[in-house]
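Q: Sequence:
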Amino acid sequence: MQFVHLQGVGADVVIQIPSENVRDQDGRYRLDYRPPHGNPPPNATFTPAQVSEGVELTRALPGTKYNFQLYYTNATISDYPTWTASITTGE
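According to this note's numbering, the residues represented by the sequence shown are 118 to 208, in order.
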């Protein structure tokens with residue numbers, strides 16, 4: 118993950134998932150995070166292409182540790198954990 122910049126209403130971060138964690142192209146990915154403050158909201162779903170490009174989290178709380186979890190779902194697998202990370206946003 119990479120910190121991008123701060124705005125008056127919160128911190129913005131771009132979440133870069135390693136490509137080896139986004140190999141499957143036939144399903145969807147769900148990104149959950151805590152604390153549940155930011156946009157897109159926790160548990161938003163994304164296509165594999167969107168995850169590969171990076172997910173922008175806006176309006177995050179400045180100076181706050183966020184814990185992220187990425188889950189994969191397709192026709193035969195539901196909510197398979199594929200990636201976790203923690204980041205502290207800038208002040």
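Please keep in mind that the hints were generated in silico from the structure rather than gathered at the bench.
Source: prediction; values computed, not measured.
Backbone N, C-alpha and C fix where the C-beta goes; we use that ideal spot for every residue, glycine too.
Be aware that a few hints might be false.
As the list claims (entries may be wrong) - Beta-carbon label-pair distances, calculated as ranges:
hint, residue 1, residue 2, range
1, Gln-133, Pro-158, 27 to 37 Å
2, Pro-152, Thr-193, 16 to 26 Å
3, Thr-162, Ser-136, 15 to 25 Å
4, Asp-143, Gly-207, 16 to 26 Å
5, Thr-201, Thr-164, 13 to 23 Å
6, Asn-160, Thr-193, 38 to 48 Å
7, Thr-193, Asn-156, 25 to 35 Å
Q: All hints, please: hold or fail.
A: Taking the hints in turn, this is what the structure says about them:
Roughly 20 Å separates the CB atoms of Gln-133 and Pro-158, a value that falls outside the hinted 27 to 37 Å. The beta-carbon spacing between Pro-152 and Thr-193, approximately 33 Å, falls outside the hinted interval of 16 to 26 Å. Look at Thr-162 against Ser-136: about 19 Å separates their beta carbons, and that is inside 15 to 25 Å. Taking 16 to 26 Å as the suggested C-beta distance range, the pair Asp-143 and Gly-207 does not conform, at roughly 37 Å.
Here the CB-CB span from Thr-201 to Thr-164 is close to 20 Å, well matched to the stated 13 to 23 Å. Under the hint 38 to 48 Å, the C-beta atoms of Asn-160 and Thr-193, about 21 Å apart, miss the expected range. About 31 Å separates the C-beta atoms of Thr-193 and Asn-156, a value consistent with the hinted range of 25 to 35 Å.
Of the hints listed earlier, those the structure fails to meet are numbers 1, 2, 4 and 6, in rising order.
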